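Each chain is listed here by its residues.
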Amino acid sequence: MTTLGEIAVVSGARLRGGDTATVITGVASLDSAEAGQLSFLIHSRYRHYLPATRAAAVIVSPRDAAACPAPALIADNPHIAYARAAALFELVAEPQTGIHPTAWVDPGARIAENVWIGPHCVVEAGATIETGVNVGPHCVIGEQTLIGAASRLMARVTVCHRVRLGRRVLVHPGAVIGSDGFGLALEQDGRWLRVPQLGSVRIGDDVEIGANTTIDRGALEDTVIEDGVKLDNQIQVAHNVHIGAHSALAGCVGIAGSARIGRHCMLGGGVGVAGHLTIADRVQVTGMSLVAQSITQSGVYSSGLAVEPNRLWNRISARLRRLDELFRRLTALEKTIKRQDGSV
Amino acid sequence: MTTLGEIAVVSGARLRGGDTATVITGVASLDSAEAGQLSFLIHSRYRHYLPATRAAAVIVSPRDAAACPAPALIADNPHIAYARAAALFELVAEPQTGIHPTAWVDPGARIAENVWIGPHCVVEAGATIETGVNVGPHCVIGEQTLIGAASRLMARVTVCHRVRLGRRVLVHPGAVIGSDGFGLALEQDGRWLRVPQLGSVRIGDDVEIGANTTIDRGALEDTVIEDGVKLDNQIQVAHNVHIGAHSALAGCVGIAGSARIGRHCMLGGGVGVAGHLTIADRVQVTGMSLVAQSITQSGVYSSGLAVEPNRLWNRISARLRRLDELFRRLTALEKTIKRQDGSV
Amino acid sequence: MTTLGEIAVVSGARLRGGDTATVITGVASLDSAEAGQLSFLIHSRYRHYLPATRAAAVIVSPRDAAACPAPALIADNPHIAYARAAALFELVAEPQTGIHPTAWVDPGARIAENVWIGPHCVVEAGATIETGVNVGPHCVIGEQTLIGAASRLMARVTVCHRVRLGRRVLVHPGAVIGSDGFGLALEQDGRWLRVPQLGSVRIGDDVEIGANTTIDRGALEDTVIEDGVKLDNQIQVAHNVHIGAHSALAGCVGIAGSARIGRHCMLGGGVGVAGHLTIADRVQVTGMSLVAQSITQSGVYSSGLAVEPNRLWNRISARLRRLDELFRRLTALEKTIKRQDGSV
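Chains as they are written, first to last, in the numbering used here: chain A, 654 to 997; chain B, 654 to 997; chain C, 654 to 997.
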């Protein structure tokens, strides 16, 4: 529970109408908000709900303010204002400090003040946990690893040895950071020999890493995730990948070894990126596409195919296999016509 | 070990021939079954093994009963009868109750009778564990979360705060339920601001959730998995997704935010579903297809392409890039012919 | 730190020039190596860095030895020689033996000499841990499971009941071995009934299993991973899959139930393999391809499509939907021409 005044301050929005002392009990969408709740208009497709909303106040852009029947919190970027305001309503466990009695912390680890190490955590020798870090239950922090100030590992996060996490990094359950890269050398007789992975992982500030996402350590130099990168769930980042600042990758993306992704890129769900290539800054790739070669220009790229009824799709894919033949038949026909035209 | 009579009762099949007291020691396929073992005929491709089987008894459909050389357990749905019978042979750990001494249970959690909390589990404040629940080793159950009666978390399952699981829910190792959705707002300068995820996850009765599958909590309202839904391993369910009752999703499926999947749907392995769309009831999507728009009719849909020899595929995909040109050339040719036809 | 002489012995390379007593402090690429560091030339694309390298010694093939400005370690297979030499520089925790006081080991488990069981591990009744095994923190080893000699579970690995791991198996964090297969029988009314998974998983010697990879137990017989198989991160192996010796599967591959993959195969990242099919030995499948039918000949296979600019791709995929029409129009045109040719 908070007040309209506090929301205005926190969100950075300008309050038009309404009383700063009004109590706000929660957040809801325009059509479901009830008395006492805050709402918001971010996407134009919900604009038609605005006139009839029962919300106690609505976060809106300047052009929607006039149509708002309730006190308006006016912001140039209503999505940002909403994100800030919503943080007031998030159920966050009381900040704790200390080390839970079931955690096992090596005497050679350096734990700063104002740190919480949760139940059943393991912190190995030489690890450094900076101030304000919150380590949820069942996390493992390897030897000589650094967890930067104010970072939060939600639960059951594994950070292997010698990894460096920046400040305010947020890691969701099941993520693995610093596992061995998939480095193999082929013996004469067809057996594989493991190549030791001597590098590590460096994660910048303000990075978010999703549930069950995996980030491998480098073969020789480090795998690098720059500041502000956001990784969704179940992403695989192979060894020596470099992801530029403020790029956002949706769920189930896979990045092969030594790929270099630019800054401010956006990869849709399930996208695959081949190894040893470079993607420029501000590139967007739509879902389930395959980046097989370097992309040198910013822009939107795709190769995903959307479903058709199965019977139709079977015909299409059978035809696709004969596409080369089709081109050749067409070319032959063109020649025939040209000859006829000449003869006519 | 059990008897033919008990198998008949449990499976609901009608015993024809044989002695209810016959001891059955195990289950095996028609061609590998030995004396004392139960077998079954479910798929017609195995029918040719029936006449020579050495099994002590065979679960068959009525039309296969005549050809069965052994005592027959006749069932209209032999697959269902087999599933029930096989449960008699499953190695299930002795039901235990109590809290393992290495588990950490907050004093503010409510644990019913007949519950087992395994080694190194963490149960946080305000959590409710109903009767008959079995929590395997290394599970984390968050604040105010409800685990419905007779549910089973196999091992190392993370259920975040305020999630609600129904009754008889089965969750496999490594699954994460209730992690933050991937909600981001874009700042003017290209940085991402995390949008608090205020919703939660509601899971119905009789749901199964596979190993390392992730289900994100809703941004504002809840992510919902209805009764009887079966999720295989490594599935990603984003925030505010709604999956209708009795749908089954195979491994590695990814569902983007706010997608709404109908009842009795079946999604093949690796299928991707884009966000903010609706899939009707009884829709099937074959493996590695992309659902990019709503599907309003039940039926089977596809967009996966099967492999060809690499050299052929390279020619096909090079041609594919020129498909627009091909259509234009064909259209031009048609016009020329038409003109010629007119002139002839 | 080691010496050039020791590197020559361990790598099996022949030292040409240089002093066996020279101290080597680390490993680096040709262009970044500094005095005292070992380097290597494996891929020809880095050959131009060789003449100017400052490395103390370089692992090279016989044909590159002449151009090497530093002492050369000459090997027919420089990649293998490098892999062996690099092991000298890997940070490996001091070998420990014993059971960490926070681990919980059932009195009915058999733990050999020279075994390390790390913090917060759980070893259930009847499990067997052979000599030289290293079990990192937070692992769960189920009832009657066997971990073969000299195997290493890095951290947070779950091995379910009755699984058998061979010798020198390396498993990375978050992997799940032996979870239930996705076996479902359809009831008359559209509900799913779980089919008990009575088989288990057998893993050969020298297998590597990546982070967050999942391997399901068999429905009746076992899921089998033969000797020397290498699985990258986030791979899903369904029930009753059989993977032949020395095959290597890259990240995010999904294998459906009862698929049988040959020996010495290589599957690229994100490849999907449908169920109940067979892939011959020495088959390679490039990234994000779908194997929908059996492959009977060794060779390279593909069906992945690479990205194009989104606007072009939209035109291509719209045309693709009309490919059947295109073939019919072309055929009609060919007939017309033939008729004209005849009439001319």
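For the record, the hints were derived by calculation from the structure and aren't laboratory data.
As the structure is a prediction and not an experimental result, all values here were calculated from the model.
Incorrect hints may appear among the rest.
Since the list gives no way to pick out one identical chain from another, each pair is judged satisfied if it fits inside one copy or across any two copies.
Derived SDA-like pairs (lysine to any residue); straight-line CA-CA distance at most 20 Å [said to hold, decoys possible]:
1. Lys988 <-> Arg820
2. Lys988 <-> Arg763
3. Lys991 <-> Glu743
4. Lys991 <-> Arg981
5. Lys991 <-> Leu979
6. Lys988 <-> Val877
Results for each hint:
no., hint, verdict
1, Lys988 <-> Arg820, "neither (67 Å within a copy, 66 Å between copies)"
2, Lys988 <-> Arg763, "neither (79 Å within a copy, 80 Å between copies)"
3, Lys991 <-> Glu743, "neither (72 Å within a copy, 69 Å between copies)"
4, Lys991 <-> Arg981, "both (15 Å within a copy, 17 Å between copies)"
5, Lys991 <-> Leu979, "both (18 Å within a copy, 17 Å between copies)"
6, Lys988 <-> Val877, "neither (55 Å within a copy, 57 Å between copies)"
Hint check: violations occur at hints 1, 2, 3 and 6; the rest are consistent with the structure.
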